[in-house]
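**Student:** Here is what each chain is made of, one letter per residue.
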Amino acid sequence: MWHRSASFILDKNQNDTVYPADSVTLTPPPPSSISTPQNPNPNLNRNMSMSAYYQTRAAHHGVVTSDWLAQSQEAATRAVVTGGQEIVDGGKSGRAFSVIDEFNNWRKQPDLAEAVAAIRALAAVIRNSEAKTMMELEIELKKASDSLKSWDTTSISLTAGCDLFMRYVTRTSALEYEDFNSARSRLIERAEKFGEISYKARKIIAMLSQDFIFDGCTILVHGFSRVVMEVLKMAAQNKKLFRVLCTEGRPDRSGLRLANELAKLDVPVKLLIDSAVAYTMDEVDMVFVGADGVVESGGIINMMGTYQIALVAHSMNKPVYVAAESYKFARLYPLDQKDMGPALRPIDFGVPIPSKVEVETSARDYTPPQYLTLLFTDLGVLTPSVVSDELIQLYL
Amino acid sequence: MDARRVSQVVPKVRQVGFVTHSDPNPPPQASRTQSVPIESNSGTPYDSPDFSPVMIPPPRHHSENLSHLRSAAVAVPESSSRRPMWDDRVAVVGSYNPGNSLLGQPVSPNSSEVNSEASTTLGWFGRNSSGKFSAGSSFPGGGFDLTTVKMENFTQLEGKKPEAVPERGGGAAVEVHNEVSSSTAKAKTTKAERRAMQEAQRAAKAATKGKGGGGGVEVNNRESSSNTLKAKTTKAERRETQEAQRAAKAAGKAQGNKPVAAAGGAGPSNILRQPSQNRDDPAVGSTIAGSDRRGGDRPPERERKKDVPPPRMQFDDQGRVNKSKKRAVFNQPEAKNRVELFRHLPQYEHGSQLTDLESKFLELDSMHPAVYKVGVQYLAGDVTGGNARCIAMLRAFQEVINDYSTPPGKTLVRDLTAKISSYVSFLIECRPLSMSMGNAIRFQKSRIAKLPLTLSETEAKAALCNDIDRFINEKIILADKVIVRHAATKVRDGDVLLTYGSSCVVEMILLYAHELGKQFRVVVVDSRPKHEGQALLRRLLAKGLSCTYTHINAVSYIMHEVTRVFLGASSVLSNGTTYSRVGTACVAMVAHAFRVPVLICCEAYKFHERVQLDSICSNELGDSNDIARVPGRPDVNSMDNRTNEKNLQFLNLMYDATPSEYVSMIITDYGMIPPTSVPVIVREYRREYLLI
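Same order as they appear, the protein sequences are chains A and B. Counting from 1, one number per residue, gives the positions in the first sequence under the numbering used here. Counting from 1, one number per residue, gives the positions in the second sequence under the numbering used here.
Among the hints, a few may not be true.
Facing chain A, according to a computed beta carbon distance under 10 Å, are these residues of chain B, among others [said to hold, decoys possible]:
hint, residue
1, T563
2, P679
3, I681
Subject to a maximum C-alpha distance of 27 Å in a straight line, what follows is the list of computed DSSO-like cross-link-like pairs (lysine-lysine) [unchecked claim]:
hint, chain 1, residue 1, chain 2, residue 2
4, A, K193, A, K132
5, B, K518, B, K450
6, A, K338, B, K518
7, B, K481, A, K142
8, A, K270, A, K240
9, A, K108, A, K239
10, A, K240, A, K193
11, B, K445, A, K338
12, B, K543, B, K646
Bear in mind the hints are in silico, worked out from the structure with no lab data behind them. The beta-carbon is built from N, C-alpha and C at its ideal position, and this holds for glycine as well.
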């Protein structure tokens with residue numbers, strides 16, 4: 001499904017033109033290129049109206065509108081043009097590109113989250129490293145994760161996943177006392193373990209949330225989240241009787257896809273337009289949403305519309321549950337909606353919009369913690385305030 | 001930006017059985033229906049034995065005159081009109097602000113007579129068990145005070161048991177029984193009676209032990225140090241009584257004790273109990289065994305006492321105040337008319353004491369000049385602000401350590417700790433310590449205690465000075481830099497930042513953001529009587545920032561154009577409550593109402609594990625003249641020279657407590673955290689203070 005997306009076109013462009021040779025083997029970085037890590041992602045263009053994160057999502061979720069595809073095509077051609085001069089710079093530091101390449105390879109698996117792909121890619125960096133000392137390896141890893149992060153600055157989970165990986169892998173006290181080879185194998189071991197944990201996170205979350213879905217309940221779902229899908233799928237497999245209300249999820253209509261998938265599982269589904277949330281909130285028992293990122297305050301950053309759903313649910317005393325893997329925990333602390341770097345996404349209104357009219361293209365919003373009831377994570381079922389505790393323990 | 005603790009939506013929980021009254025969240029129906037009954041009985045709110053809605057009865061009085069005082073305590077006339085708002089808050093805020101929820105409870109229509117009675121008896125608990133706790137002020141917060149009180153009782157019991165057990169088999173039982181009975185009958189027995197009972201028992205006990213010679217006396221003295229009423233009977237008198245008892249005991253007449261003991265305490269109820277105690281007395285074993293046993297039992301008791309934080313000095317406790325006065329280096333005349341609710345706080349007539357202190361300068365041979373200097377600076381107000389005070393104190397201690405030489409026959413670890421303790425108590429006399437200074441002192445003492453014995457004196461001194469340097473550098477100076485970096489990321493172009501008073505961290509943030517070239521405007525909110533904001537304003541203007549200056553009266557007007565509120569803090573407590581300059585809570589509340597994010601900037605060394613729900617039980621009172629007098633306005637100075645008027649009380653509070661729900665974020669050296677994460681920082685890094 002993903003190969004229909006514009007994101008794939010970009011990838012293909014990159015793959016074909018930049019490094020046709022095998023790029024999996026990592027070469028140790030030449031000392032000259034250490035100083036300034038190049039931005040290796042040619043499509044990270046400020047003028048572009050589509051953030052890379054949503055390209056990836058669209059690639060995985062596969063709901064593509066014609067308008068969007070046209071814009072992406074256009075962006076892709078532009079990206080190739082701008083990417084042209086980067087190839088010249090990039091030729092010197094082939095290593096950084098290799099991480100991205102590895103990352104892209106992993107990313108092609110439709111069920112694999114972006115952060116998990118990044119984690120796998122970073123594990124591959126350790127495996128393929130030719131570093132001779134621990135310090136060298138750590139620097140190499142740092143550079144790799146930096147280049148991954150700069151590949152897509154709008155993706156919270158990618159950044160958070162890379163940071164957490166670095167924390168998890170390099171924070172072993174045993175490292176100093178061992179010789180390099182065993183330390184390295186230990187690092188690889190830890191890296192793979194972390195990858196495994198992240199990969200299984202969705203299953204764990206689905207298990208944890210089963211207690212909260214009771215027979216006869218009505219669940220409101222916003223957007224398409226693979227974790228929420230997993231939760232609902234497991235509930236359906238457990239023969240729970242429940243009804244799902246799906247919002248349409250404009251502009252990429254991700255709700256439609258969720259409705260499709262749920263219909264396949266014989267779960268009763270009802271589709272709503274995004275503006276019908278308050279109208280139907282009466283019959284809703286709980287709201288289930290995913291998250292692009294969970295921030296330090298315990299609030300979440302998620303697809304546009306989550307905040308207003310949470311507000312409506314809060315005012316009607318309905319619980320709002322968030323399903324999010326722990327690699328989405330980010331050290332961010334937005335104070336209000338405008339306090340984050342915007343992730344933009346074009347909106348197809350179906351009719352031509354006069355150029356004088358401004359269009360709000362921000363793709364996500366921030367839901368403050370007081371409107372959330374519980375977070376289902378692979379660390380357990382947490383209240384919003386525990387997120388900060390976990391982050392403090394992880395990062396400090 | 002928003003309340004973090006506003007009643008969250010909870011998943012459906014099936015409640016089985018009935019919900020008890022102790023439920024911290026009063027049922028919403030109650031609050032909804034409240035408004036009508038309140039209106040109906042608002043005319044006579046104070047004739048019932050309930051607490052008045054705003055005032056908590058002062059803790060220090062004996063019960064006989066309490067009812068009268070309680071009515072006197074109702075000093076805020078508009079309280080009845082304000083009550084519906086209080087009740088609203090109880091309903092909305094849920095369990096958060098229990099100081100209010102208790103106050104709301106008695107007047108709520110569904111709280112039965114039993115309920116209100118329970119609260120009063122509980123109030124008694126807090127009051128008469130030690131007299132050190134300010135009764136209802138913080139106790140309703142879920143048993144914090146209650147547990148300490150229990151601990152207190154417990155330790156008291158423990159303290160008595162060793163003496164009681166070996167002498168007579170039933171003695172301990174009698175003690176326990178006595179405690180229990182007095183606590184159950186607390187609603188009726190007055191504090192004085194209970195004290196009297198205990199005293200009588202103690203006297204009787206001491207008498208039976210009389211044979212033990214000095215031991216008994218010593219024990220009794222120790223007991224008396226924890227007994228406030230004893231302050232009335234001087235030591236000499238008590239010794240006399242004991243002599244008499246001993247003589248009587250020597251005569252072999254157990255009954256001889258009774259009149260003496262009764263004379264010592266004189267309560268109606270203790271006579272009933274006395275025989276049972278004395279009946280056992282003659283059958284007592286040897287006192288020597290008793291003293292052995294005592295010696296064995298003492299260390300754990302002492303350790304337990306160490307765990308419990310020492311209760312703060314309560315200045316409404318006459319006995320203790322008198323005692324501390326004897327120890328005091330200089331005499332501060334106390335202000336005559338203190339506001340009822342704040343009598344437990346020290347308040348002095350500032351001004352006159354400076355000369356007093358100066359005149360004593362030559363007599364204070366034990367005081368190090370550096371400490372003396374810092375103390376005088378505190379007094380005169382030359383050094384203000386948490387960080388500045390803390391650094392000044394630590395620098396003074398550094399000089400103390402440099403000039404220190406261990407006296408012969410003493411060890412450095414013990415002697416230096418004692419010395420620093422005496423300096424600290426001097427500094428407290430000059431001005432009550434802030435919590436951050438308490439943390440610094442704790443750090444200092446733990447460093448001294450952890451010195452390896454093998455170190456020579458010079459090495460030890462060098463190590464300690466180095467530790468102080470590191471503390472100042474890492475916990476204050478570097479921490480400030482990190483906070484400034486973090487906070488600057490939250491300043492955007494076009495912002496309007498509001499700050500209140502003068503916090504040095506906030507000032508650094510503003511200047512740093514300005515250096516970064518961010519375009520923003522500053523609103524400096526100030527208040528009487530200190531006008532600290534003017535100094536800040538001057539410094540900001542000197543750097544070319546564009547500022548607005550206003551007084552706190554106009555904060556609700558100015559708030560709508562503000563985009564961020566940056567506030568400093570004296571300390572941040574475990575429940576996220578911010579303890580800061582008075583007025584901060586008001587600014588934060590207005591900002592919260594306008595949905596403006598409130599950022600508290602506070603170094604992590606100012607975090608404290610204490611939980612405080614109001615700003616009553618621990619605060620500082622300033623000079624009442626400051627608010628009575630308006631400088632340069634002789635036409636409005638009619639209040640001047642009236643500070644000692646009987647019917648007029650001035651309340652010049654220095655600090656207040658901002659509930660965590662008004663705070664969006666706390667910026668510390670460990671990053672930006674929500675106020676709910678303060679205990680995590682305290683838990684994770686408290687050890688580091690001690691280990692550094």
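**Student:** Would you check the hint for K445 (chain B) and K338 (chain A), treating anything up to 27 Å between C-alpha atoms as holding?
**Tutor:** violated, 47 Å
**Student:** So if I understand the rule, the pair passes when the alpha-carbon distance is 27 Å or less; does K481 (chain B) with K142 (chain A) pass?
**Tutor:** This hinted pair holds, its Cα atoms lying about 25 Å apart.
**Student:** Quick one, is the P679 (chain B) hint okay against chain A at 10 Å, beta carbons?
**Tutor:** holds, 9 Å
**Student:** Do the alpha carbons of K193 (chain A) and K132 (chain A) lie within 27 Å of each other, as the hint requires?
**Tutor:** Roughly 23 Å separates the two Cα atoms, so the pair holds.
**Student:** Check the hint pairing K338 (chain A) with K518 (chain B) against an upper bound of 27 Å on the C-alpha distance.
**Tutor:** Distance of about 17 Å is within 27 Å: holds.
**Student:** Going straight from one Cα to the other, do K108 (chain A) and K239 (chain A) come out at no more than 27 Å?
**Tutor:** With Cα atoms ~32 Å apart, K108 (chain A) and K239 (chain A) exceed 27 Å; violated.
**Student:** Would you check whether I681 (chain B) satisfies its interface hint, that is, whether its CB is within less than 10 Å of any CB in chain A?
**Tutor:** I681 (chain B) check passes; min Cβ-Cβ to chain A is 7 Å, inside 10 Å.
**Student:** Are the Cα positions of K543 (chain B) and K646 (chain B) separated by 27 Å at most?
**Tutor:** violated, 49 Å
**Student:** Quickly compare the C-alpha distance for K240 (chain A) and K193 (chain A) to 27 Å and report which way the hint goes.
**Tutor:** violated, 33 Å
**Student:** Holds or violated: are the alpha carbons of K518 (chain B) and K450 (chain B) at most 27 Å from each other?
**Tutor:** violated, 47 Å
**Student:** At a threshold of 10 Å, is the proposed contact between T563 (chain B) and chain A supported by beta-carbon distances?
**Tutor:** holds, 9 Å
**Student:** Holds or violated: are the alpha carbons of K270 (chain A) and K240 (chain A) at most 27 Å from each other?
**Tutor:** holds, 17 Å
Violation of the numbered hints given earlier is confined to hints 5, 9, 10, 11, 12; the remaining hints are satisfied by the structure.
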